[in-house]
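J.: From first to last, the protein sequence lines stand for chains A and B.
Sequential numbering from 1 applies to the first sequence in our numbering.
Sequential numbering from 1 applies to the second sequence in our numbering.
You may find that some hints are simply not true.
Pairs count within a copy or across copies, as identical chains cannot be separated in the list.
Derived lysine-lysine pairs resembling DSS-like cross-links, with alpha carbons at most 25 Å apart [said to hold, decoys possible]: (1) 404 - 87; (2) 164 - 282; (3) 370 - 87; (4) 10 - 87; (5) 244 - 72; (6) 87 - 121; (7) 403 - 72; (8) 72 - 10; (9) 244 - 4; (10) 438 - 396; (11) 87 - 72; (12) 72 - 370; (13) 275 - 244; (14) 121 - 370; (15) 164 - 428; (16) 87 - 122; (17) 36 - 126; (18) 398 - 282; (19) 244 - 282; (20) 404 - 370; (21) 281 - 57; (22) 438 - 403; (23) 404 - 72.
Hints listed in this document are in silico derivations from the structure and should not be mistaken for laboratory results.
Number of protein chains: 2
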Amino acid sequence: MDTKIILTEKEIPTSWYNIQADLPEPLPPLLHPGTKEPTILPPPLFASALNEQEFSKERYIEIPDEVLEIYKLWRPTPLFRAHRLEKALGTPAHIYYKYEGVSPAGSHKLNTAVAQAYYNKKEGIKRLTTETGAGQWGSALSMGCQFIGLELKVYMVRVSYDQKPYRRILMETWGATCVPSPSEDTEIGRKILAEDPNSTGSLGIAISEAIEDAIGRDDSHYSLGSVVNHVLLHQTVVGQEAMKQLEKADAYPDIIIGCIGGGSNFAGVYLPFVKDKITGKKPDLRIINVEPQACPTVTKGPYTWDFGDVAGMAPIALMNTLGHTFVPPPVHAGGLRYHGMAPIICHLAKLGFVEAQAVYQIPTFEAAVKFARTEGILPAPEPAHAIKVVIDEAIKCKESGEKKNILLALSGHGHFDLGAYDQYLSGKLEDYEYPEEKVKEALKQLPQVPA
Amino acid sequence: MDTKIILTEKEIPTSWYNIQADLPEPLPPLLHPGTKEPTILPPPLFASALNEQEFSKERYIEIPDEVLEIYKLWRPTPLFRAHRLEKALGTPAHIYYKYEGVSPAGSHKLNTAVAQAYYNKKEGIKRLTTETGAGQWGSALSMGCQFIGLELKVYMVRVSYDQKPYRRILMETWGATCVPSPSEDTEIGRKILAEDPNSTGSLGIAISEAIEDAIGRDDSHYSLGSVVNHVLLHQTVVGQEAMKQLEKADAYPDIIIGCIGGGSNFAGVYLPFVKDKITGKKPDLRIINVEPQACPTVTKGPYTWDFGDVAGMAPIALMNTLGHTFVPPPVHAGGLRYHGMAPIICHLAKLGFVEAQAVYQIPTFEAAVKFARTEGILPAPEPAHAIKVVIDEAIKCKESGEKKNILLALSGHGHFDLGAYDQYLSGKLEDYEYPEEKVKEALKQLPQVPA
Chain A
1 MDTKIILTEK
11 EIPTSWYNIQ
21 ADLPEPLPPL
31 LHPGTKEPTI
41 LPPPLFASAL
51 NEQEFSKERY
61 IEIPDEVLEI
71 YKLWRPTPLF
81 RAHRLEKALG
91 TPAHIYYKYE
101 GVSPAGSHKL
111 NTAVAQAYYN
121 KKEGIKRLTT
131 ETGAGQWGSA
141 LSMGCQFIGL
151 ELKVYMVRVS
161 YDQKPYRRIL
171 METWGATCVP
181 SPSEDTEIGR
191 KILAEDPNST
201 GSLGIAISEA
211 IEDAIGRDDS
221 HYSLGSVVNH
231 VLLHQTVVGQ
241 EAMKQLEKAD
251 AYPDIIIGCI
261 GGGSNFAGVY
271 LPFVKDKITG
281 KKPDLRIINV
291 EPQACPTVTK
301 GPYTWDFGDV
311 AGMAPIALMN
321 TLGHTFVPPP
331 VHAGGLRYHG
341 MAPIICHLAK
351 LGFVEAQAVY
361 QIPTFEAAVK
371 FARTEGILPA
381 PEPAHAIKVV
391 IDEAIKCKES
401 GEKKNILLAL
411 SGHGHFDLGA
421 YDQYLSGKLE
431 DYEYPEEKVK
441 EALKQLPQVP
451 A
Chain B
1 MDTKIILTEK
11 EIPTSWYNIQ
21 ADLPEPLPPL
31 LHPGTKEPTI
41 LPPPLFASAL
51 NEQEFSKERY
61 IEIPDEVLEI
71 YKLWRPTPLF
81 RAHRLEKALG
91 TPAHIYYKYE
101 GVSPAGSHKL
111 NTAVAQAYYN
121 KKEGIKRLTT
131 ETGAGQWGSA
141 LSMGCQFIGL
151 ELKVYMVRVS
161 YDQKPYRRIL
171 METWGATCVP
181 SPSEDTEIGR
191 KILAEDPNST
201 GSLGIAISEA
211 IEDAIGRDDS
221 HYSLGSVVNH
231 VLLHQTVVGQ
241 EAMKQLEKAD
251 AYPDIIIGCI
261 GGGSNFAGVY
271 LPFVKDKITG
281 KKPDLRIINV
291 EPQACPTVTK
301 GPYTWDFGDV
311 AGMAPIALMN
321 TLGHTFVPPP
331 VHAGGLRYHG
341 MAPIICHLAK
351 LGFVEAQAVY
361 QIPTFEAAVK
371 FARTEGILPA
381 PEPAHAIKVV
391 IDEAIKCKES
401 GEKKNILLAL
411 SGHGHFDLGA
421 YDQYLSGKLE
431 DYEYPEEKVK
441 EALKQLPQVP
451 A
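Next comes chain A alone, as it looks inside the complex (with noise of 0.2 Å):
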């Protein structure tokens, strides 16, 4: 068969899925911070539009026109057969992946940047402000704002922003404007200044100025790149094309495998998918979320009410978490180090729908290795996690002598990341065990939520 399965841009699914749909029970509330009270998202931070599709019911969602136009610069996505990893496995198992690295921005972000930045502009928004860690989502929100016509402000964690200038440069071309955090632009940013003119920043501080930048100006919305549940919602444009892909191939996973930060990649591969498990139609497809040894939220984290940010201002949800105070080491897969996920994975989760795996560093980049020198492409540390577990399944079926599906998210390339394969190559790549007293330590900061 052809290495790669392509689709014509008439193809490309014109609804978004939307699982609430089918949930054999459905998801638990968002809580308000302060009062506790089931809530939704902040109307003076979100569009009333994507609020709706944060909690709809409706199975189907359609794309607007506007955005699938933008979408058709690179989507549809090709889906692979990894021909050549399979035969370097000697497996018997067929490995198909699903790579999002083709869009300009490098990744699937781009995928919902396109979609928030349009309702938030249909509803007279003029302008957008966000926090990034390594520079993935902010440089995909700075393209789709530009595309559709907004402006953004990105705060970018400090340490990053000198470290890291690649992503930063990548969002000053697409137009925004971006800013190390700390900054001196909002009331926390020059609180923090005051008491530590070096403050490196974090993920937490960036978010805490976007939401004050945000919420001061009447024109301004914030935007959020992953875990909630329209931003899972606006990926399955991924999993739909894959199922056709697949189709087409003659061919149904039996294992889907991607990895987990939020979640918004992986569930966008999966939900479709799920639901047929759901109702029965595929009972024994497996789906393993992959995390790193070093965050295994799923895999470790009592599932519980917890923020959903560090300051404990954004709303409560029901997840598995390592405690929203809880600072994971330093892994290379800078977007696998949420403390919390995706409540609707983690609902998938408990319900038996889907399961979870930790893996360490070090292998993953071994294995991340194994697929550029055989497929070519250069795998983001943050799949290159997944990677790591195709590889072990599919030896397994080598074992075994299965002739298993395994689909694999291949959510972006490692173009910015080559640091951390050089460290890698060179042997001074660093790993980490789970961090269980630290863990121990930040649940014990949980919020109270009456039962």
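Add chain B to chain A, keeping to what the hints say.
T.: Chain B only, in chain A's frame:
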């Protein structure tokens, strides 16, 4: 119409197109650098199949199956219609771009890298050597050798090795050995280091080291990434695809625009179209080779005999040249700094089938940013030179009301060139006039060739 015109894997051309079959006057010979007699490429350095291709008059040369299978990892590449750029310019012109940046190595270079590795392997060679400046060619050949199963040693100009580590890491990830040049691994390297232990190297030194290494070992050959005929031949897979794609859009270009350094990318796109101009089928087709003002080989250099390399060891070719000792100013488009030009391009220019134009660096980056903000893709600095001319021509169409079809050769992405974008965006980018006096000096060093 669609944003992208895509082909299936079955539509990848199965032969390369050889312009030598259709030239109204044959190409002048290569001359031996010592005897000044007609010569082939040095047999101790090049596979005989590549030497045959270098001088073949066969119109079509079959692409080996193994090469085609590897091409399928990224080929056929998409042809885009630049709807958003057209709209931003308000032009009636239709702008199409053929994008080679989807290859894992990020440019067209992989098309010849895989082919060269294949033919060398077939003739029993175990190992290739090459030089690289910023690393574009070195990284492509690293992937090519890894996939065909050859060792590769890359001599990388030390200043790039130290300042731009990303492409070095990419080479190592694909399994190549990369050393800074001058190195301790060759006689010439040791000699230069003995004289100046802090030498930052040059492309000339790196070429000399790679050649010395390959000559000294029976298992090794040397590999070139541009300029020579067989490299241009391998790149014609790009132009043949573009022609099929334009046919599907019911379009034929009025103007084809691309950048030229050694010339292989752009010739690869236009040679299949030049055929139509030679045969009189499309006499009005304009083909514009774009160069930097800092190194305007075809626009300013005389058409004369010169060495292919700085050291005067390589064969002598009849071409436009600024003199083999000419060192151009440090423009960011490292791939456009060669003193000479592919003899095929110079021959076609002399016969009047193609034209050339030189542009400045700052307006080039201005055009690149406009492109990124309308089409999403961040272009490499090299093809950004062509984008500048595409925009100029599209604006002329706006003024005249002509609905011309413009085809842009977009040879690669700029993910590893963001430092240059940063300089442009922060207003720190310098520009360079044509260094007329330096060229005059260099042209005094031309080899003496009997009439």
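J.: The structure should be examined with respect to each hint, and the outcome stated for every one.
T.: Tested hints:
1. Taking the closest pair of Cα atoms, residue 404 and residue 87 come within 25 Å of each other only inside a single copy of the chain (15 Å); across copies the shortest separation is 48 Å, beyond that limit.
2. Taking CA atoms no more than 25 Å apart as the test, residue 164 paired with residue 282 passes in neither setting, with 44 Å inside one copy and 49 Å between copies.
3. Proximity of residue 370 and residue 87 under a CA criterion of 25 Å is satisfied intra-copy only: 12 Å inside one chain copy versus 43 Å between copies.
4. Taking the closest pair of Cα atoms, residue 10 and residue 87 come within 25 Å of each other only across two copies (22 Å); inside a single copy the shortest separation is 34 Å, beyond that limit.
5. For the homomeric pair residue 244 and residue 72, the shortest alpha-carbon distances inside one copy (17 Å) and between copies (20 Å) are both at most 25 Å.
6. Proximity of residue 87 and residue 121 under a CA criterion of 25 Å is satisfied inter-copy only: 20 Å between copies versus 49 Å inside one chain copy.
7. Taking CA atoms no more than 25 Å apart as the test, residue 403 paired with residue 72 passes between copies only; the shortest distance there is 24 Å, against 34 Å inside one copy.
8. When the C-alpha separation of residue 72 and residue 10 is checked against a cutoff of 25 Å, the pair qualifies both within a copy, at 9 Å, and between copies, at 23 Å.
9. Within a single copy, residue 244 and residue 4 get their C-alpha atoms as close as 13 Å, and across copies as close as 19 Å, so both meet the 25 Å cut-off.
10. When the C-alpha separation of residue 438 and residue 396 is checked against a cutoff of 25 Å, the pair qualifies neither within a copy, at 34 Å, nor between copies, at 65 Å.
11. In this homomeric assembly, residue 87 and residue 72 come within 25 Å of each other (Cα to Cα) only across copies, at 16 Å, whereas the closest approach inside a single copy is 33 Å.
12. Taking the shortest alpha-carbon separations for residue 72 and residue 370, only the inter-copy value of 19 Å comes in at or below 25 Å, while the best intra-copy value is 31 Å.
13. Taking the shortest Cα distances, residue 275 and residue 244 sit within 25 Å of each other inside one copy (15 Å), while across copies they are farther apart (40 Å).
14. Taking identical chains as interchangeable, the C-alpha atoms of residue 121 and residue 370 lie at most 25 Å apart only when they sit on different chains, with a minimum of 22 Å there against 43 Å within one chain.
15. In this homomeric assembly, residue 164 and residue 428 come within 25 Å of each other (Cα to Cα) both inside a single copy, at 19 Å, and across copies, at 19 Å.
16. Taking the closest pair of Cα atoms, residue 87 and residue 122 come within 25 Å of each other only across two copies (21 Å); inside a single copy the shortest separation is 50 Å, beyond that limit.
17. For a Cα distance limit of 25 Å, the shortest separation of residue 36 from residue 126 qualifies neither inside one copy, at 32 Å, nor across copies, at 69 Å.
18. When the C-alpha separation of residue 398 and residue 282 is checked against a cutoff of 25 Å, the pair qualifies only within one copy, where the shortest distance is 23 Å, while the shortest distance between copies is 57 Å.
19. In this homomeric assembly, residue 244 and residue 282 come within 25 Å of each other (Cα to Cα) only inside a single copy, at 16 Å, whereas the closest approach across copies is 42 Å.
20. When the C-alpha separation of residue 404 and residue 370 is checked against a cutoff of 25 Å, the pair qualifies only within one copy, where the shortest distance is 20 Å, while the shortest distance between copies is 47 Å.
21. Taking identical chains as interchangeable, the C-alpha atoms of residue 281 and residue 57 lie at most 25 Å apart only when both belong to the same chain, with a minimum of 21 Å there against 60 Å between chains.
22. Proximity of residue 438 to residue 403 under the C-alpha cut-off of 25 Å is found in neither arrangement, the shortest distances being 42 Å within a copy and 66 Å between copies.
23. Taking the closest pair of Cα atoms, residue 404 and residue 72 come within 25 Å of each other only across two copies (24 Å); inside a single copy the shortest separation is 32 Å, beyond that limit.
The structure is inconsistent with the numbered hints 2, 10, 17 and 22, although it conforms to all the rest.
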